[in-house]
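Visitor: Based on the hints, put chain B in the right spot on chain A.
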Amino acid sequence: MRKKNVFLGILIFGLLVLILFNPKLGWDLRSFLAKEPGEETERERLTLENESLKAELIKLGDLKEQLPKITTDFTPALVYSRYPFNLKNEILLNAGRGQGIGVNQAVTLFVKEKSGLLKNDEILLGRIKEVKERTSLVTTIFDPEWKSEAKIGKPGVEALVIGGGEPRLTLIKKEAKIQEGEVVYSTDERFPYGLPLGEVWNIGWSKDQLFQEADLKMNYDWSQIKAVMVLKK
Amino acid sequence: MNPEQERVNLFFASLVLLLAIFLGAFFSASNLHPDFILVALLVLAFFVDFWKLTFLILVAILWLNWQPALSLEMMALAVLPALSFFGHRFFRGKLWLGVFLAVFFGVLIFYALVDFSFLTVNLRILLQILGADLLFGAIIFLFLNNLFTST
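Here the protein sequences line up with chains A and B, keeping their order. Counting from 1, one number per residue, gives the positions in the first sequence under the working numbering. Counting from 234, one number per residue, gives the positions in the second sequence under the working numbering.
The hints are simulated quantities; they were obtained by calculation from the structure and are not laboratory data. Each hint should be verified, as a subset may be incorrect.
As the list claims (entries may be wrong) - Beyond 10 Å from chain B on every Cβ pair, some chain A residues (computed):
#	residue
1	Glu90
2	Glu158
3	Trp205
4	Ser206
Claimed, not checked - The list that follows gives simulated cross-link-like pairs (lysine to aspartate or glutamate, EDC-like), each with its CA atoms no further than 20 Å apart:
#	chain 1	residue 1	chain 2	residue 2
5	A	Lys4	B	Asp282
6	A	Lys3	B	Asp282
7	A	Lys129	B	Asp348
8	A	Lys147	B	Asp282
9	A	Lys147	A	Glu158
10	A	Lys233	A	Asp188
Note that the Cβ used here is the ideal one computed from N, Cα and C, for glycine as well.
Just chain B, with the same shape it has in the complex:
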């Protein structure tokens, strides 16, 4: 396991996810749905071990799943942070770059998997979402990285 992935305990990781959940709920009231929960999971994958990440993914699925059957969206929500977790090792020393790429491509791959046409037809909305997601990802990353660098 990479040293970064042992730094954040379950309490702080859950706090970050809760923040994403509350912010997501706040924005959804205005019909805008930034993918804060997906972003939180993608970033947290760089800071927690596999089992903590599994726990967080399951909490996210329980919260987000809007229908009885498991959907492609929920499977993507589980798989993408896991890929982010395993891809973490290639960015030692350049964690910020890894987080940026994970969020950028994670969100794009999510939409491509669920509905590819969204990437081309709704470009304006996609760019807005990507901007909000990257900003949120950067805030979480800075929080987690600065808070736990000294430990």
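Pulled out of the complex, with its shape left as it was, chain A reads as follows:
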């Protein structure tokens, strides 16, 4: 009995040490078992940089009419872990203060879609919430607390983006003419102007019938995101 208790005591002590001094083990374990992205390898880093460079090339060669172009420096980062409950939508990145990342910097995702208006572009995914030396926590657009200003399409119809499992475009003026498929881009002062967010979908009316509302359609699955770019201000 005593031997069992000593064994359990050692296990508890070991776990405490791991939680406090090496939490990365937990993230790696989750990555391994849940098939989430884990620690970067040199190959993954090169692939990421390659994709980022491709994105820049495409931007230079394929100027779109609808969107203002963004030319900002960025830090590539890989996703370590994700918020495990329903309340928030946060991801942990493998880059932090040491890599020049700061609070409220925009986090974008390179989308390689073959169809839709947002093909081959970087999309605003979230913002840096907290920064540590080697890691940073990102609040994504799928977080229920997310609120940001945006504009829709070429006429630049104003809207408020409300985050959540299915992000919504709200407070769109009643008389504004918007169409499904139009690009939504960020005009929030915290981020570089014009970062695309997604496309307008399912246009309808607010409960009080005073505003139009719509879904924000995105052509990616956030749970599959492995690499992102943190834009430097």
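Guide: Just chain B, lined up with the frame of chain A:
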């Protein structure tokens, strides 16, 4: 210590937690996050002693903690099963009722502690989660209770 809390050994308790971990990972791929690990801990608190429960809570925290700092979520994950453990004594003879109340209120208190607005704004999601959590809790309870009643 209550007799029930000596019935389940660390191996079976860990198996139940592992099942919760794997099921949780499976469901999270579909963007639904039932709180199976929290539920497993709340139910296991009725069947294991304090130190085994401490071990299981720490395993859960190591698995779930998504950031370097310890968060309110992780503290709630530690405290609620402990409350379930100490509340166990009031349900002798009616263990099923104790487990039901522990899971129901445990999940509600968890969300209330972390973000109270979730209870009111996302009622539909909350009800779905509660339903899944109660079902999972009932399955674990029946497994543990039936498997170890004869011992």
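Visitor: Now look at each hint and say whether the structure bears it out.
Guide: Structure-based check of each hint:
1. Glu90: violated (7 Å)
2. Glu158: Since the minimum Cβ distance to chain B is about 24 Å, Glu158(A) lies beyond 10 Å and the statement holds.
3. Trp205: Fine: 20 Å to the nearest Cβ keeps Trp205(A) off the interface.
4. Ser206: holds (16 Å)
5. Lys4(A) x Asp282(B): OK: Lys4(A) and Asp282(B) at ~13 Å, within 20 Å.
6. Lys3(A) x Asp282(B): Holds, at about 16 Å.
7. Lys129(A) x Asp348(B): holds (17 Å)
8. Lys147(A) x Asp282(B): Outside the cut-off at roughly 45 Å; violated.
9. Lys147(A) x Glu158(A): This hinted pair holds, its Cα atoms lying about 13 Å apart.
10. Lys233(A) x Asp188(A): holds (13 Å)
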